[in-house]
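Since the structure of chain A is provided, determine the placement of chain B on it from the hints.
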Amino acid sequence: MPSIRQNPYPEALPDFRNLGVTARALVGVNLLALAAMLFSESDWGNLPASFAMRAALLEPPLLASLALFFLGAPWLLRLPYWIGCVVVIAVVVAFAAATYMALGEISWGGLARTLVLAAFAAIVALAYLRLHTKAYSPALAEARLQALQARIRPHFLFNSLNAVLALMRRDPRRAERTLEDLADLFRALMSDGRNLVRLADEVHLIERYAAIEQLRLGERLRMSWDLDNAPMDAMLPALVLQPLLENAVYHGVEPGTGTGDVLVRVERRGDRVQIRIENPWLQPGTGQRAGNHMALDNIRERLMLFFDDEARLESRVEGVRYQVDIEIPYRSGPG
Amino acid sequence: MNELRIYIADDEAPARARLKELLADIGGELATKVVGESDSGLDVIDRLPGSEAQVLLLDIQMPGMGGIELARHLCALENAPAVIFVTAHDRHAVEAFELNALDYLMKPVRAERLTAALRKSMAAVPAERGARDVHEKSEQAVRLERAAGGPREFFSVAERNRIVLVPVGEILFLKAELKYVTLRTKVGEHLIEEPLVSIEREFGDRFVRVHRNCLVARAAIRGFERIPGAGGEEPHWSVMLEGTDERLPVSRRLWTAVKAVVPEGRE
Numbered sequence: 023m024p025s026i027r028q029n030p031y032p033e034a035l036p037d038f039r040n041l042g043v044t045a046r047a048l049v050g051v052n053l054l055a056l057a058a059m060l061f062s063e064s065d066w067g068n069l070p071a072s073f074a075m076r077a078a079l080l081e082p083p084l085l086a087s088l089a090l091f092f093l094g095a096p097w098l099l100r101l102p103y104w105i106g107c108v109v110v111i112a113v114v115v116a117f118a119a120a121t122y123m124a125l126g127e128i129s130w131g132g133l134a135r136t137l138v139l140a141a142f143a144a145i146v147a148l149a150y151l152r153l154h155t156k157a158y159s160p161a162l163a164e165a166r167l168q169a170l171q172a173r174i175r176p177h178f179l180f181n182s183l184n185a186v187l188a189l190m191r192r193d194p195r196r197a198e199r200t201l202e203d204l205a206d207l208f209r210a211l212m213s214d215g216r217n218l219v220r221l222a223d224e225v226h227l228i229e230r231y232a233a234i235e236q237l238r239l240g241e242r243l244r245m246s247w248d249l250d251n252a253p254m255d256a257m258l259p260a261l262v263l264q265p266l267l268e269n270a271v272y273h274g275v276e277p278g279t280g281t282g283d284v285l286v287r288v289e290r291r292g293d294r295v296q297i298r299i300e301n302p303w304l305q306p307g308t309g310q311r312a313g314n315h316m317a318l319d320n321i322r323e324r325l326m327l328f329f330d331d332e333a334r335l336e337s338r339v340e341g342v343r344y345q346v347d348i349e350i351p352y353r354s355g356p357g
Numbered sequence: 020m021n022e023l024r025i026y027i028a029d030d031e032a033p034a035r036a037r038l039k040e041l042l043a044d045i046g047g048e049l050a051t052k053v054v055g056e057s058d059s060g061l062d063v064i065d066r067l068p069g070s071e072a073q074v075l076l077l078d079i080q081m082p083g084m085g086g087i088e089l090a091r092h093l094c095a096l097e098n099a100p101a102v103i104f105v106t107a108h109d110r111h112a113v114e115a116f117e118l119n120a121l122d123y124l125m126k127p128v129r130a131e132r133l134t135a136a137l138r139k140s141m142a143a144v145p146a147e148r149g150a151r152d153v154h155e156k157s158e159q160a161v162r163l164e165r166a167a168g169g170p171r172e173f174f175s176v177a178e179r180n181r182i183v184l185v186p187v188g189e190i191l192f193l194k195a196e197l198k199y200v201t202l203r204t205k206v207g208e209h210l211i212e213e214p215l216v217s218i219e220r221e222f223g224d225r226f227v228r229v230h231r232n233c234l235v236a237r238a239a240i241r242g243f244e245r246i247p248g249a250g251g252e253e254p255h256w257s258v259m260l261e262g263t264d265e266r267l268p269v270s271r272r273l274w275t276a277v278k279a280v281v282p283e284g285r286e
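The listed protein sequences correspond, in order, to chains A and B. Numbering (the working numbering) for the first sequence: 23 to 357. Numbering (the working numbering) for the second sequence: 20 to 286.
The shape of chain A in the complex, shown without the other chains (with noise of 0.2 Å):
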């Protein structure tokens, strides 16, 4: 299983192929050069008319570097951290050259000092970027706590066992699938939440977890799966859908007396993987369980420790269905 991150404190190059590290950069750099003409200008008239000249020489390196390192990341995310930190400030001092000449009045003193600012403008958004990873990866080695405490309700798991020492006598074969079912669960749930899964794993995972809602609940229960368009390669952080359709059993199926369809789709849209899932809704009062928004956080939070800004996670009420809707990009892994 790859770990995006090996250590509670990882020492790592910020991810440049995310939307959210290369928006980082864009607004940081852009606000530090403004921040440094508003110390140099002294008429605020002039101030927009100064940021338009010393933008053409600002944007062109910014926006080379980020398109390099945005094609390049795999490769630099592979250098040791330091060194990876001499590369980017060289790439980034060295279009600043490039432009300084282009732009074409060369002098030693204004060549020195556009290297200088490159060079001074290319540390500040690393170090930005360090703190903000620093930040983030407490919390990334607290999701794997939190994973296991806001997933499996003890509720199931007692159900689930008295589930098996029924089937004991009278099927001997189903319970001990339904072990070997369980036994898979806990495996996963008492994984590192810190490690991104293919697709296939977490899609096994959770038509394990079914199987066992499906003997305990019988009919109530009736899953649909929608995989054909699944791209099964994608990988994704561990166990995002299972509190979902857990969720889905326990708040939609569960409290109700009929039926209950549960849906489960995924699917790949260009660089996208959506997911749905789907229960009904079940109007309060009619046995409707005091929702708590504790799972949906969790994920939510996990999705942006992993994805920052390019996840989505959303819930509604739609007629009488509830839906939760995941959109992460797809990024496919080994396999």
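Any given hint could be a false lead.
[To be verified] Beyond 10 Å from chain A on every Cβ pair, some chain B residues (computed):
(1) R37
(2) R66
(3) G83
(4) C94
(5) K126
(6) A238
[Stated by the list, open to error] No more than 25 Å apart at the CA atoms, straight line, and that leaves these computed lysine to any residue pairs for SDA-like:
(7) K39(B) x E198(A)
(8) K39(B) x R195(A)
(9) K39(B) x N40(A)
(10) K39(B) x G240(A)
(11) K39(B) x T279(A)
(12) K39(B) x P194(A)
(13) K39(B) x A101(B)
(14) K39(B) x V54(B)
(15) K39(B) x K156(A)
(16) K39(B) x P277(A)
(17) K39(B) x E241(A)
(18) K194(B) x A239(B)
(19) K52(B) x A89(A)
(20) K39(B) x R192(A)
(21) K39(B) x K52(B)
(22) K39(B) x P176(A)
(23) K39(B) x L187(A)
(24) K39(B) x N68(A)
(25) K39(B) x R199(A)
(26) K39(B) x D193(A)
(27) K156(A) x P277(A)
(28) K156(A) x N40(A)
(29) K39(B) x L325(A)
(30) K52(B) x R191(A)
Since the hints were made in silico from the structure, they are not lab data. In this text, a Cβ means the ideal position worked out from N, Cα and C, and glycines have one as well.
Coordinates of chain B only, in the frame set by chain A:
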């Protein structure tokens, strides 16, 4: 034959099967007979009264109606069974059971625990049917009321050996007359034997007192009407309700409070 008659209520079929298996296992020590099974609370209300059950093994998490509310309605029965709650995991419920000395078992249930709980309830079940006195019944009802996390969703009316449930949401007003309270819905009337004060306490959010002997559903209030005094009487206000032409007088003392709880624009 002195078999203990048992009723099993659980929404999960495997859980019911397991309890029956255990009852069979302990048969040598304690003879029992399962006289009925239900997979929902409302089904228990329908079928338990005719089953002559002495003990009810009751899952607390069931669709339709929770176990504790169900047990409260069963108290109204003349031959109410002893109730043993069964739960997989519900910290709040277990705390409430402990606090109020209610019997419960944890799933998965062990044979020894089941035997002990049944023996205990057997001691409480009178040998002669109907011998249970009114005082004891009400004591159980009070303990259940205290263990309940919130207001009921139904009122129960015991009709001979049958329980009729009236959804709280369908009630327009409640009126106390002598020792009974009349529940009035759009379609009819029911008599229950609960004091108006305790109903007001339990459903404070839903009903508002308009008169010494009358509670009105807030949601049903359509407006107020001033009734001119006739024959020397002083004029007074009365409340108009959705779904009935009956006007209910608002007592002078409560008028300000009643007016305040009704949202603007509904006068």
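**OP:** Against the earlier hints, flag every one the structure doesn't satisfy and list their numbers going up.
**Re:** 1, 3, 5, 9, 15, 19, 24, 27, 29
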